[in-house]
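Participant: If you want the building blocks of each chain, they are given just below.
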Amino acid sequence: MIRDIAKIIKYQMHDNLRSKWIIGLFLFYSAASYWLISFSGDSSKVLLSLLNITIILNPLICIVFGTVYFYNNKNYIIFMLTQPVNRSVLFSGLYFGLIIPLTLSFLIGIGLPVIINLNLFLDTLHILSALLYTGVIQIFIFTGFSFFIAAINEDKLKGLGISIFIWLFFGILYDGLILFLLQILQDYPIEKIALGLILANPVDLGRILVIIEFDISALMGYTGAVFEDFFGKSLGTFISFLSLTIWFFIPFALSLVKFSKKDL
Amino acid sequence: MITISQLHKSYDLLNVLKGIDLKIPEGKITYIVGPNGSGKTTLIKILLGLVKNYSGRIYVNGNEIDGESSYRSQIGYMPQHASFPENLTVKHVFELVKELRNRYEDLDEELIAKFYLSKEMNKRVKTLSGGTLQKVSAALAFLFKPSILILDEPTAGLDPVSSSILKDKIKTENNAGKTILFTSHIVSELEDLAENIIFLLDGNIYFNGSLDNLIVHTGEHNLERSIASVMLRRL
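Chains as they are written, first to last, in my numbering: chain A, 1 to 264; chain B, 1 to 235.
One chain only, chain B, in its complex shape:
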């Protein structure tokens, strides 16, 4: 469970988050949506400890984030654009993260197998395609069986087969009780996966509830139109 209270963040004169109160429920797939500049990236960065200068309180699994890094051992993160030192091999990258987390056993290597990453292990990062890098990044996010998964545009750059493998994995992990938070611009993905939706607009939460509620709320006949309706502020 992630609890956020009175979260404010501004960059110089620009207020990006304007007092957000939010509970991200445990064991559900929650989708953060909003137009560009709505504050969703900032929100995710604050959760991950990448943005430090904010006011408000954030609790992850009951513990407040207070500048310590240990809470991140409960989080698996898949960024939109993965990047690793280019002269390391894929094997080195996995070893590096295992060493940092001090976890060598009880690992979830399902995605390594399903993405056939074993044959990429001895290749240097600089020789990998963007899609393979994304697969490495996805496999790393799930590897340590974290209770919270934060996925930023997880299927961008993946081919349809890999994308469906990843979506299946997200569903499986969700069924196992994991809290999953993700952003995506692909509405079909949202219909496939999301249970909850958080709509950010101009640094405020415009809507927080289930997908069905959103459609009922907007009075539109499908999800895509409902999202467009919120973005155009017809709600």
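The shape of chain A in the complex, shown without the other chains:
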């Protein structure tokens, strides 16, 4: 089974690494990283700006690109399933065949200018690692979401609309909703509920994982402040790291189950 998945990944990577979107993404990340380093020269400022790009743009790019990729390859997926190939094998091959090139374009794009200016980042390597981990895991999670959305919707436009909504929800609306909820329930001890809600948002978790390394509470947003206040720095780092890792499996497993039963 793993050998069959590897065969599909090989050809999907061959296709995707030549895709102008993946090449464009690599150029975008490397240009952003290079310019930020050139203009600022302060590694903390560079990393904060890169964090904003990573937690806002990365999920958007992955969820939209993944959705379009799945729909555009529908006839190819059907062709592949007429071969003696299991659905879970094909699905895993398509998924990893996409996230590996996306991850490479992110890591090399951000990483290359950093390596060239490595002296600047010697004191902030732990923040840099947290940032890269956040970016990579968000590629995994939001590509998983995109495959799930495309697997449950036949209509491409509707699927794309839902994808953008999911990104908007996790990236922007969620923090505001929690704040609103906490405000109207401020007379009750709801700290644990708030923590639960934070764990349910991979974008927030990613932001917390990186920001917690900075020790700047003002940048945390409301959810981040609650999080650090409750867990403290080291436990907070561990829990956000672990939760993000668990998050990777959720959309992937959901979409795999849906795809395996789907009528094509």
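The hints are simulated quantities; they were obtained by calculation from the structure and are not laboratory data.
Model, not experiment: these values are computed from the prediction.
Beta carbons are placed, not taken as given, at the ideal position from N, Cα and C, and that holds for glycine.
One or more of the hints may lead you astray.
[Unchecked claim] Per label pair, the in silico range of CB-to-CB distance:
no., chain 1, residue 1, chain 2, residue 2, range
1, A, Trp21, B, His8, 34 to 44 Å
2, A, Lys258, B, Leu107, 32 to 42 Å
3, A, Leu173, B, Thr3, 50 to 60 Å
4, B, Glu224, A, Phe28, 57 to 67 Å
[As the list claims (entries may be wrong)] Far from chain B, by Cβ distances over 12 Å, these chain A residues were calculated:
no., residue
5, Asp4
6, Tyr34
7, Asn86
8, Gly97
9, Leu112
10, Leu122
11, Leu157
12, Ile184
13, Tyr188
14, Lys192
15, Gly236
Using the hints provided, position chain B relative to the given structure of chain A.
Facilitator: Using the frame of chain A, we list chain B on its own:
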């Protein structure tokens, strides 16, 4: 031989196949015909394992389809609209399918030669014309010498020369004992190739027999009128 018994399939409230019992004979060319929405695409998709949520039983060469994919190594399929990853070359596409099937020898490369696909091998899929894609798809369907060939509108998009090459290939393979199942809207093709005809109408089998029987049955003087007669439910 493909045997289907009590095959039901519905999408929400729409019953697409209403209890089909069918034997597709071995070594013959069988043509599935029916108006749009009659259920022929669904039937083919179920045979290929693309549609999973149905009730009924299907046996391919004696083995029941039960969610496993291995039976598809006996089937060659040519879709109506072929599509492959656009940045792969034609050579990559052939290699991919060979790797998936784990077959590198004892291949039937006649169509690769007759369609002159060797000169297309290093071209990327996105640069190919629709007709060339169809030729690649046809060559892939026959490549592994499957005992069953399922061809969905095989000559649509092919020029007359390529179309006749493909029809000759279908006849040759049929003479060699292959079971061939295909759909087409081109009646002349049907007269050329088909031995058996299965007429689907509203999810039921309206007619299943030889071409001559159909003409006799409908009382019309040619095949085109016979098909029209069935579609208009004069049978």
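Participant: Give me the numbers of the hints this structure contradicts, sorted from smallest to largest.
Facilitator: Of the numbered hints, 5, 7, 8 do not hold.
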